[in-house]
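J.: Residue numbers (the numbering used here), protein chains in the order written: chain A, 1 to 161; chain B, 162 to 366.
Hints may be right or wrong, so weigh each one.
The calculated DSS-like cross-link candidates involving lysine-lysine, where the alpha carbons are at most 30 angstroms apart (straight line), are [unchecked claim]:
#, chain 1, residue 1, chain 2, residue 2
1, B, K265, B, K210
2, A, K98, A, K76
3, A, K93, A, K76
4, A, K55, A, K98
5, B, K306, B, K265
6, B, K306, B, K340
7, B, K317, A, K76
8, A, K110, B, K265
9, B, K306, A, K76
10, B, K317, B, K261
11, A, K76, B, K261
12, A, K76, B, K210
13, B, K230, B, K340
14, B, K317, B, K306
15, B, K210, A, K55
16, A, K55, A, K110
17, B, K230, A, K98
18, B, K317, B, K265
19, A, K93, A, K132
20, B, K265, B, K230
21, B, K340, B, K265
22, A, K132, A, K98
23, B, K340, A, K76
24, A, K110, A, K93
The hints are simulated quantities; they were obtained by calculation from the structure and are not laboratory data.
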Amino acid sequence: MQRTFISSLIGLALLGAASLAQAQVTVAEPWVRATVAGQQATGAFMALQSTDQAKLVGVRSPLTQQAEIHEMVMDKDVMRMRQVQHIDLPAGKAVELKPGSYHIMLMGLKQQVNAGSNVDLTLLIETAAGQKQEIAVRAPVRALNAKSGQGHHDGHGHKAH
Amino acid sequence: MKASHPRRRLLLGLLATPFVLAACKDSTPKQAAFSNLEGVNLSSADFGKDFALTDTEGQRRTLADYRGKVVLIFFGFTQCPDVCPTALTRAVDIKEQLGKDGDKIQVLFISVDPERDSNELLRAYMQAFDPGFVALRPTQEELAKTAQDFKVFYQKVPTGSSYTMDHSALTYVYDTHGKLQIALRHTQTTEEAVADLRQVLALSH
Ligand SMILES: [Cu+2]
């Protein structure tokens, strides 16, 4: 399976000297699970890789006010889900947000999320030097019964703005 | 607000205990001889015998309604970002891989979040996977009792201005006579689950 890593570094407007300590963060295969009518939460998944030490510290989405970073763990056959303050992105190492692990939890959805549409997400990244970056991601929506870890291509549904 | 509550540890310990006890019991009339199960052998378990809950159409249901079927029971909630949809998707794949034996499988989804899981929502959620899947919506009292009867753990966990649910992610499997035989672990692949289920299906021959 071949992966397409697309650089989606953006939003450096707030920052001065762009040459220093700028972690290049790439986002691969983002997707959001579809919901049925009335369902108020869903998960967003993707693989992140940063050139330099950084961390994912937050997420925004027009779909909801309440987007959180969660970790799911299986503890003796019990599923436990916890909000985490950040996800470390070690230099040069891919970090997967996938079912059974980290994910972005979108709660209090304003509308149904339909398969085939796209969800806009803004990832908030903090570099080791404490600089903030924003990354715009357009995540294709997969069917509610999409297989986990399927990793198929949904076209090139995300891009930097 | 990182959580490591001692109370949870305790509850988890309680959850694990019955399996150990069950292994030493000799109350089974017909002991199934499973070989190489990936799941948990519950053929001599003294719990999870039955339930009485209302489905999304308002029908009162018990295990007796599904005699002749191999029943798969999963506890979960529709706001779940991955474990529940993954388990239900696996159930769809299991039915498919079983071929014509797939018709003998009945999936029941018991909500651990009846507060938010309305009948309409549960119905739509089941439809998205398989129109044959049935969701049961307990009252809070029924949920507490059923969870106790099935040694299932569930707990509300606050997050931001909302909450999520921790819950057991085992799928209980009953033979065609309504007797609990095994539990599928969440981590089992479809293929591993199918191999286990073929052994349960074979019990009815
Ligand atoms: Cu769940």
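J.: All hints are to be evaluated individually against the structure, with a verdict given for each.
T.: So, going through the hints one by one against the coordinates:
Among the hinted pairs, K265(B) with K210(B) is consistent with the structure: their alpha-carbon atoms are about 20 angstroms apart, no more than 30 angstroms. Distance hint between K98(A) and K76(A) is fulfilled; the C-alpha atoms sit about 20 angstroms from each other, no more than 30 angstroms. Between K93(A) and K76(A) the CA atoms are separated by roughly 29 angstroms; this keeps the pair inside 30 angstroms, and the hint holds. Between K55(A) and K98(A) the CA atoms are separated by roughly 17 angstroms; this keeps the pair inside 30 angstroms, and the hint holds.
Proximity of K306(B) to K265(B) is assessed by CA-CA distance (about 28 angstroms); at most 30 angstroms being required, the pair is judged to hold. Distance restraint check for K306(B) and K340(B): the Cα-Cα separation of roughly 19 angstroms lies within the 30 angstroms cut-off, and the hinted pair is therefore satisfied. Simply put, K317(B) and K76(A) have alpha-carbon atoms about 18 angstroms apart, close enough for the 30 angstroms limit, and the pair holds. About 39 angstroms separates the Cα atoms of K110(A) and K265(B), which puts this hinted pair outside 30 angstroms; it is violated.
A distance of roughly 21 angstroms separates the Cα atoms of K306(B) and K76(A); the hinted pair therefore holds under the 30 angstroms criterion. The straight-line distance between the Cα atoms of K317(B) and K261(B) is roughly 39 angstroms, outside the 30 angstroms bound, and the hint therefore fails. With a C-alpha separation of about 33 angstroms, the suggested pairing of K76(A) with K261(B) is violated against the 30 angstroms cut-off. A C-alpha spacing of about 22 angstroms is found between K76(A) and K210(B), which places the hinted pair at or below 30 angstroms, so the restraint holds.
Of the pairs offered as hints, the one joining K230(B) and K340(B) holds, with about 11 angstroms between alpha carbons and a cut-off of 30 angstroms not exceeded. With a CA separation close to 16 angstroms, the supplied pair K317(B) and K306(B) stays within the 30 angstroms bound. With a C-alpha separation of about 48 angstroms, the suggested pairing of K210(B) with K55(A) is violated against the 30 angstroms cut-off. Taking the CA atoms of K55(A) and K110(A), the gap is about 28 angstroms. The hint holds against a cut of 30 angstroms.
Only pairs whose Cα atoms come within 30 angstroms are accepted, and K230(B) paired with K98(A) is rejected, the gap being roughly 34 angstroms. At most 30 angstroms may separate the alpha-carbon atoms for a hinted pair to count; K317(B) and K265(B) exceed this at roughly 34 angstroms. For the hint pairing K93(A) with K132(A), the CA-to-CA distance comes to about 20 angstroms; that is within 30 angstroms, so the pair holds. In summary, the hint linking K265(B) to K230(B) is supported, as the alpha carbons are separated by about 5 angstroms, within the 30 angstroms threshold.
Only pairs whose Cα atoms come within 30 angstroms are accepted, and K340(B) paired with K265(B) is accepted, the gap being roughly 15 angstroms. Taking the CA atoms of K132(A) and K98(A), the gap is near 24 angstroms; set against the 30 angstroms cutoff, the hint holds. Under the criterion of a C-alpha separation no larger than 30 angstroms, the hint pairing K340(B) with K76(A) is consistent with the structure, at around 24 angstroms. Between K110(A) and K93(A) the alpha-carbon distance is near 34 angstroms, which puts this suggested pair outside the 30 angstroms criterion.
Of the hints listed earlier, those the structure fails to meet are numbers 8, 10, 11, 15, 17, 18 and 24, in rising order.
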